[in-house]
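Novice: Listed here are the chains, written in short residue letters.
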Amino acid sequence: MTNFQLAWRNLWRNKRRTMITSASVFFAVFFALLMRSFQLGAYDRLFQNVIESYTGYMQLQEKDYLDDRILDNGFFPDTSLVRKIENDPNITEVLPRLESFALAAAGSRTQGVIVMGIDPKGEDRATGLGHRLVKYRLDDSAVNSLQHQDIPARTRKLIKVFSGYSYSGTARLMADLGIDEKDSAMILPAIRKFASIRNSYLDSSDTSGILIGNGLSEYLKAGLGDTIVLIGQGYHGASAAGRYRVKGIVNLPAPDIDNRIVYLIVTAAQQLYDAPGLVTSAVICLKRNDDNSLEKTRLRIGRFIKDPLVLVPWRKLNELLVNQMEADNKSGLILIGILYLVIAFGVFGTVLMMLAERRREFGMLISIGMQKRKLAGMISLELLFVGIIGVAAGIAVSLPPVFYAHYHPIRFTGQMARMYEDYGFDPVMPTLLPGGYYLWQTVVVLVILIIAVGFSARRIFRINIINSMRT
Amino acid sequence: MKVVEINDVHKIYHDTEVEVRAINGVTLSFEKGEFTVIVGPSGSGKTTLLNLIGGLDQPTNGEILVAGHRLSELRPSELIDFRMEHVGFVFQSYNLIPVLTASENVGFIMSLQKWPKEKRIARTNELLGSVGLSDRGNSRPSQLSGGQQQRVAVARALATRPEFILADEPTANLDSKSAEALLDIMEKLNRDEEMTFIFSTHDAKVMKRARRIITLEDGKVVSDETRTEN
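Protein sequences appear in the order of chains U and E.
Our numbering numbers the first residue of the first sequence as 1 and each following residue consecutively.
Our numbering numbers the first residue of the second sequence as 472 and each following residue consecutively.
If you are wondering where the hints come from, they were derived from the structure by calculation, not from laboratory data.
Please read these numbers as outputs of a predicted model, since none were measured by experiment.
Misleading hints may appear alongside valid ones.
[What the hints assert, rightly or not] To spell it out: a stretch of chain E is covered by chain U in this simulated footprint if at least three of its residues, at any positions, have a beta carbon under 8 Å from a beta carbon of chain U; those stretches are: (1) 518-528; (2) 566-579; (3) 617-626.
[Unchecked claim] A few chain E residues that face chain U, going by a derived Cβ cut-off under 8 Å, partial list only: (4) Ile551; (5) Asp552; (6) Leu583; (7) Ser694.
Every residue gets a Cβ at the ideal spot worked out from N, C-alpha and C, and that includes glycine.
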């Protein structure tokens, strides 16, 4: 009779106790994994949204630019360097950006703005800027015209509620105006007729065209075809002034950017700031963007990058967001910690009860010749079985919902969906596929079990045979 | 041949505020093949003396030699091995391992001693046969009567051919018929295998069969009577 067999039989001797302890471990592992996968999945999606909409996974910058974002900290990209970087197997392209500030004026209104010089086609591929062009705007004339159309009263009412809103796609428009699929064929043609905006995107040769944020457009009261004048300070103290025609209005998720941004093609921005060839950053677009591939790519191309240029990874570019996520992550970890604390007490309760109940048996086993270390080994196996059953069941049962919710994320509706969309994110809550965090949950439970094993072994080594046989 | 020698042994407990002298200067010896009963009123020190002989407890003073081993010189883990090899225990409340069958209980100490499987099975079958339980080898303790469980306990105690068997009130929880049957088995083993039995008991049936009766009172031996015939 081996320790293993004896431990296994002892386990089923008090089935209810074993089941309760295993179940407590199971529920802790199951809920912790589910909670963690949703939390990490949400972070993953958020980072993906922010990185893929704005910063990219890696940028080439002058070393002082991250801390002091002025034109004087820009750089003149060397075409041979750019070619070398683009030759890396994990890099698809390198996009130049020239970012600075100016005063924008339209008619009698002015506003301080961010001027972003971009490669229009590349930027559209990398961040989907072209898809953010406003397609519909419920301005006063559109709202008035739609009130006289043959559309349901509810939608008519909602059109008034959302007066002044702009939309880059029909999905959000339909959600806001309460238009369902069956009514869309009747209502959408009217909306297209009265609320459509014939926006167009920048093309690479258009040095006089400008895209402006929807919020800025409303503030400046500048529509398509209107003129915007930019005045600012150019490179090395030169003065910067330029006149542009509004080609398109883009709807950007973050209001503070939407209210203050204008896009030019990069050569137009270089002309404006009297800095031909200057860029403030170059976004490096990747094929595979997981941490491992990113780090390998960074090391590979880092060999070509010489001072004063540096490669800045997305964590550094989004330091504030990363810190916010880490703070939020800690609150999640505290919750999981509490969950495991409860489990630890449960396991210890079981251990104490088992040690008390079987004290006489332990005394008998030692008296007939079982060494205490062998007895402790047997009890340890029993506890490990209980834990492993709970952990294995918790992991097994958590896998289907985690996989399902990853490929079919929970979709928010109503206010929650709107809030997500306002920030430019899909209103979904996906899970993160099993990875390192699964291993950590297992390690935590094993640590609890090892402490319980250590505790029970200590009690066994301190058993007094005479006293235990008296019980 | 002496299997146990006890020289001026004292055992004093300090568990409570009052000092308890459980054994107070006992000197005894036990020869191979004895069938000895230790009797005395409750609190006279019978169980304590058995615990000291079996190496379950250490004397405060004095010396105990078992099969040539001075028990006070053995470390705790050596004492456990000593008990496994030299002493068989039969307890009042059977103390079988509940998750093991009768056969597995009998073979348990042999498996601790890493006997080969075939030898272990043969010895188990032999012992179950000698206690009249050949057909109950696959039964768990909960499926056996009190008398049957105690017979399994006797078979387990005999398994590794110890020097002697210590039986603490072995018939206390048995009805008279089961007790007589158990004593028949023990007597037979004593006679046929020359196995030494040392009992502590209040039971007249056990005393009736004993060839030597030691009476304890207040931790002292007040009489040590050997009978030539039962």
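Novice: Have a go at the Ile551(E) hint: is there a Cβ in chain U nearer than 8 Å to its own Cβ?
Specialist: 5 Å, holds
Novice: Tell me if Ser694(E) is really an interface residue toward chain U, meaning its C-beta lies closer than 8 Å to one of theirs.
Specialist: 26 Å, violated
Novice: Let me know if the C-beta of Leu583(E) comes in closer than 8 Å to any C-beta of chain U, holds or violated.
Specialist: Holds. Min distance 6 Å.
Novice: Hold the hint about Asp552(E) up to the distance rule: shortest CB distance to chain U must be less than 8 Å.
Specialist: Since chain U brings a Cβ to about 7 Å from Asp552(E), closer than 8 Å, the hint holds.
Novice: Has the stretch 518-528 of chain E got at least three residues whose CB is nearer than 8 Å to a CB belonging to chain U?
Specialist: holds (count 4)
Novice: Can you confirm whether chain U covers the stretch 566-579 of chain E, using C-beta to C-beta distances below 8 Å and requiring at least three such residues?
Specialist: holds (count 8)
Novice: Mind taking a look at whether chain U covers the stretch 617-626 of chain E? Criterion is 3 or more residues with CB to CB distance under 8 Å.
Specialist: That given contact is violated, which follows from only 0 residues of the stretch 617-626 of chain E lying within Cβ reach (below 8 Å) of chain U.
Going down the numbered hints, you'll see the structure goes against 3, 7, while the others check out.
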